[in-house]
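Going down the list, the sequences are from chains U and R.
According to our numbering, the stretch in the first sequence is residues 1 to 318, in order.
According to our numbering, the stretch in the second sequence is residues 1 to 318, in order.
Certain hints may be false.
[Stated by the list, open to error] Here are a few chain U residues that face chain R, going by a calculated C-beta distance under 7 Å:
#, residue
1, 26
2, 30
3, 37
4, 99
5, 272
6, 277
7, 305
8, 309
9, 310
Bear in mind the hints are in silico, worked out from the structure with no lab data behind them.
Quick reminder that beta carbons are idealized off the backbone N, C-alpha and C, glycines included.
Number of protein chains: 2
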Amino acid sequence: MEQLRKIRAGDVRTASRLIRNLEEDLPEAKTAIMRIFPHTGRAHVVGITGAPGAGKSTLVDALIASFRKKEKTVGVLCVDPTSPFTGGAILGDRLRMQRHAEDPGVFIRSLATRGALGGLSKAVGDAVHVMDVMGKDLILAETVGTGQQEVEIINHSHTVVVVLVPGMGDEIQTIKAGIMEIADIFVINKADRNGADQLANELASMLNMVPEFPGGWRPPVLRIGNCFDPVPFGESMEELSTAIIGHHRRLVETDLLGDRMKRKTMVEIHEALRDAILEPILKEMTQSGEMEEIAGRLLRKETDPYTIAGEVARRHLK
Amino acid sequence: MEQLRKIRAGDVRTASRLIRNLEEDLPEAKTAIMRIFPHTGRAHVVGITGAPGAGKSTLVDALIASFRKKEKTVGVLCVDPTSPFTGGAILGDRLRMQRHAEDPGVFIRSLATRGALGGLSKAVGDAVHVMDVMGKDLILAETVGTGQQEVEIINHSHTVVVVLVPGMGDEIQTIKAGIMEIADIFVINKADRNGADQLANELASMLNMVPEFPGGWRPPVLRIGNCFDPVPFGESMEELSTAIIGHHRRLVETDLLGDRMKRKTMVEIHEALRDAILEPILKEMTQSGEMEEIAGRLLRKETDPYTIAGEVARRHLK
Numbered sequence: 001m002e003q004l005r006k007i008r009a010g011d012v013r014t015a016s017r018l019i020r021n022l023e024e025d026l027p028e029a030k031t032a033i034m035r036i037f038p039h040t041g042r043a044h045v046v047g048i049t050g051a052p053g054a055g056k057s058t059l060v061d062a063l064i065a066s067f068r069k070k071e072k073t074v075g076v077l078c079v080d081p082t083s084p085f086t087g088g089a090i091l092g093d094r095l096r097m098q099r100h101a102e103d104p105g106v107f108i109r110s111l112a113t114r115g116a117l118g119g120l121s122k123a124v125g126d127a128v129h130v131m132d133v134m135g136k137d138l139i140l141a142e143t144v145g146t147g148q149q150e151v152e153i154i155n156h157s158h159t160v161v162v163v164l165v166p167g168m169g170d171e172i173q174t175i176k177a178g179i180m181e182i183a184d185i186f187v188i189n190k191a192d193r194n195g196a197d198q199l200a201n202e203l204a205s206m207l208n209m210v211p212e213f214p215g216g217w218r219p220p221v222l223r224i225g226n227c228f229d230p231v232p233f234g235e236s237m238e239e240l241s242t243a244i245i246g247h248h249r250r251l252v253e254t255d256l257l258g259d260r261m262k263r264k265t266m267v268e269i270h271e272a273l274r275d276a277i278l279e280p281i282l283k284e285m286t287q288s289g290e291m292e293e294i295a296g297r298l299l300r301k302e303t304d305p306y307t308i309a310g311e312v313a314r315r316h317l318k
Numbered sequence: 001m002e003q004l005r006k007i008r009a010g011d012v013r014t015a016s017r018l019i020r021n022l023e024e025d026l027p028e029a030k031t032a033i034m035r036i037f038p039h040t041g042r043a044h045v046v047g048i049t050g051a052p053g054a055g056k057s058t059l060v061d062a063l064i065a066s067f068r069k070k071e072k073t074v075g076v077l078c079v080d081p082t083s084p085f086t087g088g089a090i091l092g093d094r095l096r097m098q099r100h101a102e103d104p105g106v107f108i109r110s111l112a113t114r115g116a117l118g119g120l121s122k123a124v125g126d127a128v129h130v131m132d133v134m135g136k137d138l139i140l141a142e143t144v145g146t147g148q149q150e151v152e153i154i155n156h157s158h159t160v161v162v163v164l165v166p167g168m169g170d171e172i173q174t175i176k177a178g179i180m181e182i183a184d185i186f187v188i189n190k191a192d193r194n195g196a197d198q199l200a201n202e203l204a205s206m207l208n209m210v211p212e213f214p215g216g217w218r219p220p221v222l223r224i225g226n227c228f229d230p231v232p233f234g235e236s237m238e239e240l241s242t243a244i245i246g247h248h249r250r251l252v253e254t255d256l257l258g259d260r261m262k263r264k265t266m267v268e269i270h271e272a273l274r275d276a277i278l279e280p281i282l283k284e285m286t287q288s289g290e291m292e293e294i295a296g297r298l299l300r301k302e303t304d305p306y307t308i309a310g311e312v313a314r315r316h317l318k
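Start from the sequences, fold in the hints, and give me the full structure.
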């Protein structure tokens with residue numbers, strides 16, 4: 001309760017410790033989230049995604065400044081879907097965001113998890129809850145890529161910003177196919193480069209093919225130029241932060257916020273079920289050495305994975 | 001049995017139908033894999049990964065030709081981790097591979113799955129088994145990105161080729177962190193572009209920091225130029241296909257093949273367990289309307305996901 005009180009008062013150390021415990025998947029973190037959950041639901045959660053090299057971190061850094069000018073408090077979650085082998089989060093150029101570290105209206109954390117698929121997305125959802133209860137008006141969750149796992153992470157958001165850069169080659173079609181249905185705002189970053197017009201045209205023709213947008217929100221396509229060109233860059237960041245707030249207002253006005261909240265909730269249920277049902281079985285099998293023994297039998301082709309899984313299921317399920 | 005016999009005889013229609021059934025996650029596909037599994041383990045499975053726009057499809061297309069010259073038969077699996085909303089695989093520029101369609105020594109399929117996280121990786125593992133039993137010497141599995149899910153897909157491989165392009169920006173550090181430990185061969189594609197030397201140097205310094213490589217295999221860094229420059233392109237493809245075969249030989253000679261096979265097997269066990277334990281519970285909860293009802297309670301903040309998951313677990317687990 002003391003922990004909840006401190007987090008609600010915005011205490012950075014308590015919140016940080018809890019997020020670290022979430023990352024490590026400690027049992028006390030789960031208990032804390034159970035207490036925190038009823039107090040969540042106030043913050044506007046913004047997912048920011050795009051391929052590596054699209055300049056998302058620079059954008060997030062500038063967005064923080066733009067929201068602060070609008071007197072909004074900001075939480076930032078940098079999500080690193082790193083390899084299950086390394087486990088660690090690479091801070092890299094995110095260090096530059098540290099210029100906001102002294103500002104009590106800004107709270108920035110990186111997140112990575114070891115362990116099972118799905119673990120990262122669960123930790124993201126829970127870390128968002130922590131920042132929500134801290135009272136942050138906006139929470140920016142930055143993630144790499146547009147694979148299925150990233151989509152799950154993005155599904156914890158109310159507003160999704162997709163960052164593209166000109167000249168990514170043929171496979172942009174593949175990316176677009178995956179993101180068209182989740183993007184609320186498109187950003188063409190590094191728009192001073194060759195190919196920006198072509199990219200904008202391609203996006204426009206894809207959007208023109210959509211017969212009707214939910215809530216009448218046609219995802220805007222914003223161009224952001226070189227960040228070393230401060231005046232136009234600052235203006236386009238202002239435009240982006242306004243679009244993000246505008247999208248949230250539209251969700252509220254058109255009653256679509258409920259749909260987003262539901263999508264977010266379904267992702268959370270799935271993750272919690274995986275955590276409560278599958279993980280303990282995997283853990284027990286690993287600790288008892290059964291997993292090792294099964295691997296041996298499969299390698300010797302004495303059985304197949306489906307037969308084994310059926311046996312384990314019969315043993316554990318009622 | 002008839003199905004197994006036909007697939008072992010290389011029958012394209014039977015194999016294609018089974019792969020389509022795997023994609024749809026039909027029960028008869030699972031039964032087929034149970035029969036097929038004991039006959040697997042002959043093929044050399046090569047995972048090819050890299051960011052969108054890295055030119056992997058062009059590379060795979062040229063690799064097929066190079067392996068055919070070496071009189072190897074080839075299976076190709078193009079993996080599309082598309083959004084769970086769209087579900088469909090985008091063929092895009094992969095169409096160009098169709099020039100090999102008439103060659104009975106080549107078998108190309110695209111794979112995408114709707115549905116749950118982990119479903120795609122399972123389908124990949126099983127489709128690889130089908131191509132293996134068809135008698136393909138090499139199976140190339142091409143996937144987009146280096147997120148955790150892609151790593152799981154890549155873990156079905158014996159040899160992992162990571163494709164990079166010059167000028168991907170700051171976040172290349174993030175990509176590298178995830179792939180350094182899984183890459184067996186690095187390819188710098190589009191090496192005629194600016195920044196190729198810098199990328200090669202960065203890779204070399206990262207590799208120089210590794211104190212010892214398992215089996216003494218230091219991942220080579222190969223440069224591949226413009227594909228419209230046929231002679232040097234053909235030569236570097238020859239070099240790549242030789243490196244791939246060389247890596248497999250090294251795995252056999254140094255007894256490291258067992259480790260790779262074990263990694264592959266562990267991924268398969270995890271996926272089969274998810275499929276046998278968690279999926280049926282999710283399905284039942286969805287069909288009975290319970291999932292919907294739980295979502296309502298969570299949205300009204302009457303409870304939290306962990307409490308719900310604990311209740312469901314107690315109800316289903318022995």
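Classify the hint on residue 37/U as holds or violated, based on whether any CB of chain R lies nearer than 7 Å to its CB. 4 Å, holds
Evaluation of the interface hint that places residue 272/U against chain R, nearest CB under 7 Å: 4 Å, holds
Taking the least C-beta to C-beta distance, is residue 30/U closer than 7 Å to chain R? 5 Å, holds
Close enough to count: is the Cβ of residue 277/U nearer than 7 Å to one in chain R? 5 Å, holds
Residue 26/U as chain R interface residue, shortest Cβ-Cβ below 7 Å: Hint violated; residue 26/U Cβ to chain R Cβ min 13 Å, cut 7 Å.
Holds or violated: is the Cβ of residue 310/U closer than 7 Å to a Cβ in chain R? 6 Å, holds
Hinted contact residue 305/U with chain R - closest CB pair below 7 Å: Given a least distance of 4 Å, the restraint on residue 305/U holds.
Interface hint check: residue 99/U, Cβ to nearest Cβ on chain R, cutoff 7 Å. Holds or violated? 16 Å, violated
Measuring from the C-beta of residue 309/U to each C-beta in chain R, is the shortest one below 7 Å? Because about 4 Å separates residue 309/U from the closest Cβ in chain R, which is inside the 7 Å limit, the hint holds.
When the structure is compared with the earlier hints, violations turn up for hints 1, 4 and for no others.
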